[in-house]
Amino acid sequence: MESCENMKSIVTAEVHMGITKNKKGFLSRLWEQKILQLMVIPALLWMIVFNLIPSFGILIAFQDYMFKEGIFGSPWAANYGLQNFIDFFADPDIIEVIKNTFGISLLKVFVGFPIPIIFAILLNEVRIVKFKKFVQTVSYFPYFISWAILALMVTVWLSPSLGFFNTMLVKLHLLEDPEYLFLGDPAAFWWVAFVVEMWKTTGYAAIIYIASMAGIEQEMYEAADIDGAGRMDKILHITLPSLKGIILIMLILNAGSILNGGLNASNFQQCYLLQNSMNQPASEILDTYVLRLGIKLGRYSYATAVGLVTSVVSLIFLFTANKISAKLSDESLL
Amino acid sequence: MKKIIAMVLSVVMVLGLCMTAMAASTNLLNMKQDLEWKKDVSPIKFTAFMDVNPNEFAGWGNDPISKEITKRTGVTIDVTAATTTDHTQLQAMIASNELPDFVLYEPLNSAASVMIKQGFLQPLNKLWAKYAPKMKTVLPQNMDSFWAAEDGNLYNIPSYFSDKRIDAVKGNMLTHGAFVINRTLWKKIGSPKMNTPAEYKAALLKAKKLLKVKFPLFNERLDFPRDSTNIVNVFYRTFGGAPTGDKNAIIVNKETGAARLNFTEPAYKKAILYLNDLYRSGLFNAEMFTSQKIEQYQQLQKSNKIFSAAGNAFDLCKVDLSNAGAYKPTVDPVIEKGAKFTLPAGYGGGWYGPGISTNCKNSARAIKYLEFIMSDEGAMLTYHGVEGKDYTMVDGYPKNSKAKDEAWKNFGKMQKDMGILNYYLAWGTPSFIDALYYFHLNKGKEAYTLEAESNRFAVDATIENQTVLAGDAREKITETKIEDLWKTSLPKMILAKSKKESEAAYNTFVAKAKKLGLAKLEVAYSAVGNKWVNKLTK
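Protein chains in written order, with the working numbering: chain A, 32 to 365; chain B, 35 to 572.
Think of the hints as simulated: they come from the structure by calculation, not from any bench. All of these numbers come straight from a predicted model, not from anything done at the bench. Ideal Cβ positions, reconstructed from N, Cα and C, are used throughout, including at glycine. Heads up, some of the hints might be wrong.
Unchecked claim - Covered stretches of chain A (in silico footprint by chain B; criterion: 3 or more residues with CB under 8 Å from a CB of chain B, positions within the stretch not fixed):
#1 189-202
#2 210-224
#3 297-310
#4 320-327
As the list claims (entries may be wrong) - Pairs of lysine-lysine, BS3-like flavour, derived with a Cα cap of 25 Å:
#5 K515(B) / K130(A)
#6 K423(B) / K395(B)
#7 K531(B) / K248(B)
#8 K371(B) / K534(B)
#9 K395(B) / K73(B)
#10 K554(B) / K99(A)
#11 K521(B) / K327(A)
#12 K327(A) / K151(B)
#13 K99(A) / K160(B)
#14 K151(B) / K99(A)
#15 K170(B) / K569(B)
#16 K395(B) / K130(A)
#17 K99(A) / K395(B)
#18 K534(B) / K304(B)
#19 K130(A) / K549(B)
#20 K235(B) / K248(B)
#21 K533(B) / K243(B)
#22 K549(B) / K327(A)
#23 K521(B) / K130(A)
#24 K281(B) / K327(A)
#25 K202(A) / K248(B)
#26 K227(B) / K248(B)
Work the whole structure out from these sequences, hints included.
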């Protein structure tokens, strides 16, 4: 009995101490981390000034915005402020535009997603260090070429009269017509956008996986060697599981930017620069649509409304990807 | 005694002749123009944005003319030009209220009505009434009434190229929107006749064979189906199509203002089928549809001598720079038998010109600077250069110096090195310059007097060019959609594998355009046309 009473008082005292500890804990922990908190403050301020405050401008989507009147003076759009959204969803062209946006983005985000991972793994298996370094360096050079220049290069390369690509494919018996216009065929555009994106970003995107692989304990590989595991076994049972965390995080982040073509957000630049009258049925995406029918015509309310719809869809994708990731594994971003 | 009288008379005669000569030359530069800009020439810097992508504009400040302008007026200008043709930069400036002191824009462009209605520009007529009351004497007398906005004020001084009287005197076929050939190559293949579409095709086939060129025909405006220099529109006129605006492909009834787009005309369909025939005969390069920049065209044409082009010889010279002098209009116009050839409604009443924004830090000096530019002195300086150095006056007309004549062969270099015509289209075409040109062409037919000149020339325009929707018109959306459909349908029509397929593509295009609201759009155009009928016939 006495021991129970003692236990009770000890527990009560400990609980009391715990509560006190927690109450004090946060402030004292904050004080202990004061240097770290100071480092975060500029970023926080930046986010408040450039992300949070400007989001007030979302109101424009619900107005008939007039430049001189500003946000506070502009009248509300018809239909309880929803006219711009109604106009957007009522546009018959929107189906094709959304189809193109999702088509190109899904190709890049899901079909293209494993490519840098595979590249990183293959590179990791190369034993000749000099060659490995050379390949790695060369592989991320294209990333630093701007899209404007790259678009010009691609137009020339794929030109039947100026480029080498058609001749090469004909010689490899992969193409019959040497005059085939890759950039003139709507059916080819998504694949052109995908391949060019992969060529440009694979090397750079692989860096994060290469860095992660550098952190894998070598003892695990040695133990696998002792157990008689082959290369493939080591990749499947050590490398990939170790990369699981980073892969899922990258997948979530890419899913959140899916409507822009993934983290690289290259959809607009590619489609705007490579678009022409022949491939427009396949290259018109939400961003180019907004530019053409929103910004160029001075319809900023309409453009903002479309932008808002895009953001909401991206957010849905982000949360969905996060939830799936949390369910399948313990990894989640949010 | 007799000798003395003879000597005195001779001296008097010589003096008299000298004075007459001086009077003749100074009449053209009206020193009597007592303008406000002269009263304040203290240094001032302005900013300006040109909402046009002028390949020819060489910047401001490094050439002799801009330095001379600064010397005379005290003004320096920091000018930036648009890098695209879709007005997005101007739109962004409007949205962020960052318009510079001067904005050079086309009065009929989509941003114009937004700037005016939402109070981003200052009324020029009110500014000159306050700060430069004599400015109206240097402008075409009807400038303010012709280009007045809905509120009755003038916000822009658009340039105007020419006058129908000048065009009538010229009499030659314009190169703008017509066929151009390389005369050297044409002679090389035996100077074949090219009076009809069939003869033109035969000449192209001959050029392809004898000159061993893959594609003897060139056109770069394929992404602009409404432009009069677009190859389809050039052939449209070949098949007797009615005149359209320079950049809008609109046919307007001059009596009623009723307007319609030209692609529903039989002549347009004939042009499409003809081009399809040229394509199937291996004369038309499909790759032109996928090329967008001048550098790409240059690459495409590097090993492929251009025999003929549809459009503008001046643009063509930029592509094939080594042969700039060789391209001339065709010997005779190419016209279908029985058709009446028309030129595009070429002379326009409104290309881009300056407006003064409400952000301008010194509106008084700004309007006075415009007064200078539009005055005789400013006009001669920007159009002809410095008297005595770049030209001399001979019989009342500027005669170029040898250096200037040589420089004319490379227009861009002339603008950059000499500064002449570097502001061409930027600051308006003053009435004085038109008068000078008109009287130069009519030498001997009319006596030139400066006082009469400013009343002779008034702003005028062709109704086709004026029939343009306001930027904030609801129908602009329909117009954009139909333009897009037109743009994407052109390759389907021209690059079809057979005549039947081409015809089917054309019919599909017209049907889709009607479904998008072509009729409503044409009603909107007609309303604009009707407004201009009244204005132009006054």
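Hints, verified against the model:
Coverage of the region 189-202 of chain A by chain B holds in this model, with 4 residues showing a Cβ closer than 8 Å to a Cβ of that chain against a need of three. Three residues within the 8 Å Cβ limit are the bar, and the region 210-224 of chain A against chain B gives 4, so the coverage statement holds. For the region 297-310 of chain A, the stated coverage by chain B holds: 4 residues have a C-beta nearer than 8 Å to a C-beta of that chain, and at least 3 were required. Beta-carbon proximity to chain B at under 8 Å applies to 5 residues in the region 320-327 of chain A; the threshold of 3 is reached and the given coverage holds.
The straight-line distance between the Cα atoms of K515(B) and K130(A) is roughly 18 Å, inside the 25 Å bound, and the hint therefore holds. Using a Cα cut-off of 25 Å, the hinted pair K423(B) and K395(B) is violated, with the two alpha carbons roughly 35 Å apart. As the CA atoms of K531(B) and K248(B) are separated by approximately 19 Å, the hinted pair is consistent with the 25 Å bound. For the suggested pair K371(B) and K534(B), the alpha carbons sit about 24 Å apart, so the restraint of at most 25 Å is met.
Straight-line distance between C-alpha atoms of K395(B) and K73(B) comes to about 19 Å, which keeps the hinted pair within the 25 Å bound. The hinted pair formed by K554(B) and K99(A) fails the criterion: a straight-line CA distance of about 30 Å is larger than 25 Å. Distance hint between K521(B) and K327(A) is fulfilled; the C-alpha atoms sit about 17 Å from each other, no more than 25 Å. Restraint check for K327(A) and K151(B): the C-alpha separation of about 18 Å stays at or below 25 Å, so the hint holds.
A C-alpha spacing of about 21 Å is found between K99(A) and K160(B), which places the hinted pair at or below 25 Å, so the restraint holds. At roughly 10 Å between alpha-carbon atoms, K151(B) and K99(A) fall within 25 Å of each other, so this suggested pair holds. This hinted pair checks out: K170(B) and K569(B) have alpha carbons roughly 20 Å apart, not beyond 25 Å. Restraint check: the Cα-Cα separation between K395(B) and K130(A) comes to about 49 Å, which exceeds 25 Å; the hinted pair is violated.
As the CA atoms of K99(A) and K395(B) are separated by approximately 18 Å, the hinted pair is consistent with the 25 Å bound. At roughly 13 Å between alpha-carbon atoms, K534(B) and K304(B) fall within 25 Å of each other, so this suggested pair holds. For the proposed pair K130(A) and K549(B), the alpha carbon gap of about 22 Å is at most 25 Å, so the pair holds. Restraint check for K235(B) and K248(B): satisfied, since their Cα atoms lie roughly 14 Å apart, inside the 25 Å limit.
Among the hinted pairs, K533(B) with K243(B) is consistent with the structure: their alpha-carbon atoms are about 24 Å apart, no more than 25 Å. Only pairs whose Cα atoms come within 25 Å are accepted, and K549(B) paired with K327(A) is accepted, the gap being roughly 23 Å. For the hint linking K521(B) to K130(A), the alpha-carbon distance of about 21 Å falls within 25 Å, and the restraint holds. In summary, the hint linking K281(B) to K327(A) is supported, as the alpha carbons are separated by about 18 Å, within the 25 Å threshold.
For the hint linking K202(A) to K248(B), the alpha-carbon distance of about 22 Å falls within 25 Å, and the restraint holds. Proposed proximity of K227(B) and K248(B) is supported: the alpha carbons are some 21 Å apart, at most 25 Å.
In this structure, the hints that do not hold are numbers 6, 10, 16, in rising order.
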